[in-house]
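In order, the protein sequences belong to chains A and B. Its first residue numbered 260, the first sequence is counted upward by one per residue in the working numbering. Its first residue numbered 260, the second sequence is counted upward by one per residue in the working numbering.
If you are wondering where the hints come from, they were derived from the structure by calculation, not from laboratory data. Hints should not be assumed to be uniformly reliable.
Same chains, same names: a pair is fine if it fits in one copy or spans any two.
[What the hints assert, rightly or not] Listed next, the in silico DSBU-like pairs over lysine-lysine satisfying Cα-Cα at most 30 angstroms (straight line): (1) K546 x K337; (2) K465 x K546; (3) K337 x K297; (4) K583 x K546; (5) K412 x K296; (6) K335 x K296; (7) K297 x K546; (8) K412 x K546; (9) K546 x K413; (10) K297 x K413; (11) K624 x K335.
Protein chains: 2
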Amino acid sequence: MSLTRRDLTRRDFGRLAAASAAFATVPRAIAQAAAPKKIRYAIIGLGRISLQHFMPGTKMSAMSEVTAFVSGHPDKAKQHAAEYNIPDSSIYTYENFDRIRDNPNVDAVYIALPNSMHAEYTIRSAQAGKHVLCEKPMATSVADSEAMIAACKKANRKLMIAYRCQLEPTTLRAREFIRNGTIGAVQAIESANGFNIGPDWRTNGKLAGGGPLMDVGIYSLNACRFMLGEEPTVIAANASTIDHDGRFNDVEENVSWTMKFPSGVLASCNTTYGANMEGYYRIHGSKGTLNVEPAFGYEGIHLTGRVRGAQGPPTVIDLLEQEKDPAQFAREADHFSGCILNNTPVGPSGEEGLRDMRHIQTIYKAAGIKF
Amino acid sequence: MSLTRRDLTRRDFGRLAAASAAFATVPRAIAQAAAPKKIRYAIIGLGRISLQHFMPGTKMSAMSEVTAFVSGHPDKAKQHAAEYNIPDSSIYTYENFDRIRDNPNVDAVYIALPNSMHAEYTIRSAQAGKHVLCEKPMATSVADSEAMIAACKKANRKLMIAYRCQLEPTTLRAREFIRNGTIGAVQAIESANGFNIGPDWRTNGKLAGGGPLMDVGIYSLNACRFMLGEEPTVIAANASTIDHDGRFNDVEENVSWTMKFPSGVLASCNTTYGANMEGYYRIHGSKGTLNVEPAFGYEGIHLTGRVRGAQGPPTVIDLLEQEKDPAQFAREADHFSGCILNNTPVGPSGEEGLRDMRHIQTIYKAAGIKF
C-alpha cells in the first residue's frame with residue numbers, strides 16, 4: 260500500500276542491512292493495526308499545510324478522513340467542501356465552533372492555526388469531546404502547553420503534536436543506527452533549519468510567539484532530542500537580527516544554541532528567517548557519522564553516512580526516502596487515528612511538545628529574548 | 260609552476276565566474292613576488308607535520324629551503340639530514356639551540372613542537388635573530404602569545420602563525436563570494452572539526468594546553484573569523500567528556516560553542532577528540548549557501564554552493580582544489596618567505612594567532628574549563 264511503501268536506495272549498504280532489518284517493519288505495523296473504521300477529522304484552519312498537505316494526505320490514508328472544516332473564510336471552506344464531501348452543516352466558523360460537540364461525524368480535529376491559537380482550540384476541541392492533532396510548536400508558552408495537556412487529560416481525549424519526522428522511515432532508520440551501536444558512542448550533533456521569510460503571520464510576535472526557533476528551529480531541537488532519547492540539561496544561546504527591513508520588528512531573525520545532554524553529547528544548532536538553509540542534522544559517533552539532509556522536508560529525506568570498521572574502507576550508508584508528499588501526512592494522520600482506534604499511546608504526545616516548549620523557553624532566556 | 264597550479268573543477272559556474280575572475284590571480288601574485296634568494300629555515304621539532312608535510316613542501320617551493328634541524332633525537336635528525344643537505348654543524352639539540360644565532364645559513368625557523376613549547380622557542384628564535392613561522396595554536400595562554408609577539412617585535416623579526424587555510428585558493432574563493440555579495444548578507448555559519456584520537460601528546464594537558472578546541476576546533480574558530488572579517492563579541496559554550504577510557508584525564512573530549520559577531524552573524528561549532536568529523540563549514544547568506552567540505556585537510560578542499568537569483572533555478576558553485584599535499588605547505592612557506600624577502604606584512608600574523616587565543620580562552624571559560 261502506498262502509505263508504507265519504502266523504496267530505499269541502497270548502495271554498498273553491506274553488513275548494516277542485517278542490523279536494521281528487524282526495524283524495517285515498524286512503520287508497516289502501524290498500518291497493519293488498522294481497523295475498518297476511519298477517524299473523521301475536522302480541519303481547523305484552511306491554510307497551506309491543511310489544503311496542500313494534510314488533507315490530500317488523508318486521501319491516501321487508511322484510517323483517516325476529513326469530514327468537517329473550521330474556517331474564518333466561508334468562501335474558502337465552501338470551495339473545498341465538495342472535494343471532501345463535506346455538508347454545509349459541518350462547516351464551522353470560529354464563532355460557532357463549539358457546536359462541533361454535537362457533530363457525531365467528527366472524532367478528532369487537526370489544528371493548523373497560527374501558534375497563538377493552538378492552546379485555545381485544543382482546549383475547546385477537547386471540551387467538545389474531540390481528539391486533537393495539533394501542529395507544532397504546540398503553543399506559545401509553557402503554561403499554555405500544560406493547560407492543553409490538562410484539558411485533554413480531563414476530557415479523556417488524546418493529544419498528538421504533529422512531529423511528522425518522528426514517524427518518517429528514514430529518520431527512524433537514522434535513530435536505529437544510533438541505538439544499535441552502528442556509529443558507536445555519539446559525541447556531537449550539528450543541525451540547522453531556516454528559510455528566507457516573506458510577508459507572513461510568522462513574523463507577527465503576537466500570533467507566532469517567537470521567530471524561526473518556534474517555527475523551524477524546533478525541527479533541529481526535536482531531532483537532537485529524538486535521536487538521542489534524552490533531554491538537554493545545559494543550554495547556551497545567542498540571537499540576532501541582521502536585516503532591519505521591517506520583517507523583524509516583532510521577532511528575532513537568527514538563533515544559535517548549543518545543548519549539553521546527560522550522556523555528554525553536545526549539539527549545536529542554527530535557525531534563521533534570513534537565509535534558505537537546507538534543513539539537516541549531522542551526528543558524529545566514535546565509529547561513524549550520519550548525515551540527514553534534507554532532513555525536514557515533506558519528501559526526499561536523505562540519510563548518508565560512513566561507518567569505520569576495525570579495518571578496511573568505511574561502510575557507506577545511503578538511504579533516500581522515495582515517498583512523495585503527502586505520504587508523510589498520510590502516515591501522521593494514520594498514526595494518530597490508529598492510536599485513537601486502538602487506544603494506544605501517542606508517539607509524539609503533548610508531553611513531547613511540552614518538553615520542546617520548555618527547552619525553547621530556556622534557549623530564548625539564554626539568548627536574552629523574552630518568551 | 261606547481262606552487263600556484265589551480266585546476267578548479269567548474270560545473271555550471273555561470274555568471275559567478277566573472278565576479279571572481281579578478282580574484283583568481285591573488286595566490287599567483289605571491290609567487291610572482293619571488294626574488295632569486297631563498298629563505299633558509301631551521302625546522303624545530305621533527306614530527307609528522309615537519310617530516311611529511313612542511314619539509315617536502317619546501318622542495319616544491321620557490322623561496323624556501325630547509326638548512327637546519329633542531330631535534331631531541333640526533334638519530335632522527337641525521338637520518339633526514341642527507342635528504343636536505345644539512346651538515347652536522349646545522350643540527351641542534353634543545354640544549355644548544357641558542358647557538359643558532361651564529362648560523363648565517365638560517366634566516367627563519369619553523370616551529371612544530373607541542374603547543375606548550377611554542378612560546379619558549381619563538382622567543383629564543385627571535386632573540387637569536389631568526390624570523391618565526393609557528394604552528395597553531397600559537398601558545399597555551401594569552402600571556403605567552405603576547406610575549407611571543409613582543410619578543411619578535413623587539414628583535415625586529417617577523418612572526419607568522421601557520422594558518423595555511425588562510426592562503427588556500429578555494430578557501431579564499433569562498434571568502435570572495437561573501438565579500439562580493441554573491442551569497443547576500445551572511446546570517447549563520449555551522450562548522451565542525453575533530454577526530455578520534457589515539458595515544459598522543461595532544462591529550463597531555465601540560466603539553467597541549469587543552470583538548471580538541473586547541474588542536475582542531477581552532478580551525479572552525481579561525482574559519483568563521485576569517486570568512487567574516489570580524490571578531491565575535493558574545494560566546495557561549497559547553498564541554499564534555501564521554502569516553503572515560505583514560506584518554507581524557509587531562510583534557511576535554513568535546514566542545515561546542517556559539518559566537519555572535521558585531522554584524523549579527525551567529526556561528527555554532529563543534530569539535531571532538533572522540534569522532535572522526537570531516538572538517539567543514541557552511542555559510543548561510545540571504546541569497547545563497549556555501550559549503551566547504553572537506554575544509555581543513557592538506558588537499559582536496561571542496562567548495563560547493565547554491566545561489567538563488569531573482570528568478571530561475573539556483574546557480575550551482577562547485578570548486579574542487581586539485582592540488583596535492585604538500586602544496587599548501589609550499590604556499591605557506593613561500594608566503595612567509597616572500598614577506599621576509601619583501602618586508603611586507605604577514606597575512607596570518609602573531610596578532611591573528613593572539614585573537615584566536617583570546618577567543619579560545621573565552622570559550623573555555625564559558626564551558627567551565629580552566630585555561
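Hints versus structure:
When the C-alpha separation of K546 and K337 is checked against a cutoff of 30 angstroms, the pair qualifies neither within a copy, at 56 angstroms, nor between copies, at 39 angstroms. Taking the closest pair of Cα atoms, K465 and K546 come within 30 angstroms of each other only across two copies (28 angstroms); inside a single copy the shortest separation is 46 angstroms, beyond that limit. With identical chains, the CA atoms of K337 and K297 are at most 30 angstroms apart within one copy only, with a shortest distance of 23 angstroms there and 83 angstroms across copies. Taking the shortest alpha-carbon separations for K583 and K546, only the inter-copy value of 27 angstroms comes in at or below 30 angstroms, while the best intra-copy value is 32 angstroms.
In this assembly of identical chains, the alpha carbons of K412 and K296 lie at most 30 angstroms apart only when taken from the same copy (24 angstroms versus 83 angstroms across copies). Taking CA atoms no more than 30 angstroms apart as the test, K335 paired with K296 passes inside one copy only; the shortest distance there is 29 angstroms, against 80 angstroms between copies. In this homomeric assembly, K297 and K546 never come within 30 angstroms of each other (Cα to Cα): the closest approach is 45 angstroms inside a single copy and 45 angstroms across copies. Taking the shortest Cα distances, K412 and K546 never come within 30 angstroms of each other, neither inside one copy (43 angstroms) nor across copies (46 angstroms).
Taking the shortest alpha-carbon separations for K546 and K413, neither the intra-copy value of 47 angstroms nor the inter-copy value of 49 angstroms comes in at or below 30 angstroms. Taking identical chains as interchangeable, the C-alpha atoms of K297 and K413 lie at most 30 angstroms apart only when both belong to the same chain, with a minimum of 24 angstroms there against 83 angstroms between chains. When the C-alpha separation of K624 and K335 is checked against a cutoff of 30 angstroms, the pair qualifies neither within a copy, at 40 angstroms, nor between copies, at 57 angstroms.
The earlier numbered hints that this structure contradicts are 1, 7, 8, 9 and 11.
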